[in-house]
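Sequential numbering of the sequence shown, starting at -18, is according to my numbering.
Simulated from the structure, these hints should not be mistaken for laboratory data.
Fair warning: there could be bad hints in the mix.
To be verified - Label-pair distances were calculated between CB atoms; the ranges are:
| hint | residue 1 | residue 2 | range |
| --- | --- | --- | --- |
| 1 | Val73 | Ala149 | 20 to 30 angstroms |
| 2 | Arg172 | Leu196 | 17 to 27 angstroms |
| 3 | Leu32 | Leu7 | 19 to 29 angstroms |
| 4 | Leu63 | Leu23 | 32 to 42 angstroms |
Positions of the beta carbon are idealized from the N, C-alpha and C atoms, including for glycine.
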Amino acid sequence: MWGMALLIVAALIWIGVHVGISGTRLRDTIVRRIGEGPFRGLFSLLSILTLGLLIGAWHVMWTTPLWDAPDWLRWVLVAVMLVAFVLFVASVSQRSPTMIGGEAMTEPPRGILRVTRHPMLWSFALWAAAHIIGAGDSGALVFFGAFLVTALAGMPSIDAKLARRVPAAWKALSATTSIVPFIAIAQGRNRFVAREIGWVPVMIGVIAWAAVLYLHPWLFGFAPVAM
């Protein structure tokens, strides 16, 4: 049981660091005292150490089955993971005001930012949710749940940070983008332009998804679906 207890503690620390500090006024206070560069260094170090603790606890804990995902649902989750891969690659293929150091960006949102201003966090959220549902055990609920909570809570947290730091830029960004994918487009505040995303990020996402799906049994010890 100590392994599960350690996993819970590590998950709470991870959530506390990323939700309780990053993007909050506490972050602003720390930055004023030690500077932006030292803060980012300390935050990165703390994130790496906590991630290591999470992974270590994951490998030694005893887990309890909670539900069994049927085969058809597993295929749905595999499709969700494809979306997550494409979102992630598209998010790192262009500059974004919601990424670290992107606050000074003044260009209007293009590409995947027209769909959602938080494509990377959505990729993490989909990845975490898919693995929670697919695994169906207490360990996955805690481990991946930490990343799911961080990703979902991080979106409004980053928005609040931008609103405090660059209010004029934030006003323009929020007027033409949305947290939830496609909401700004559905409301007529933006439009979808596929050519701005390009085929290269999509193809890289598809190839990476297919490779991980194929290698999953060797990398992680089990196959998400029966091939």
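- [ ] Given the hint of 17 to 27 angstroms, check if Arg172 and Leu196 actually sit that far apart at their C-beta atoms.
- [x] violated, 38 angstroms
TODO: Look at the Cβ atoms of Val73 and Ala149 and judge whether their distance stays inside 20 to 30 angstroms.
DONE: 26 angstroms Cβ-Cβ, so the 20 to 30 angstroms window holds.
TODO: Given the range 32 to 42 angstroms, decide if the beta-carbon distance of Leu63 to Leu23 lies inside it.
DONE: holds, 36 angstroms
TODO: Determine whether the Cβ-Cβ distance between Leu32 and Leu7 falls within the hinted range of 19 to 29 angstroms.
DONE: holds, 21 angstroms
This entry does not satisfy hint 2, going by the numbered hints stated previously; all others are met.
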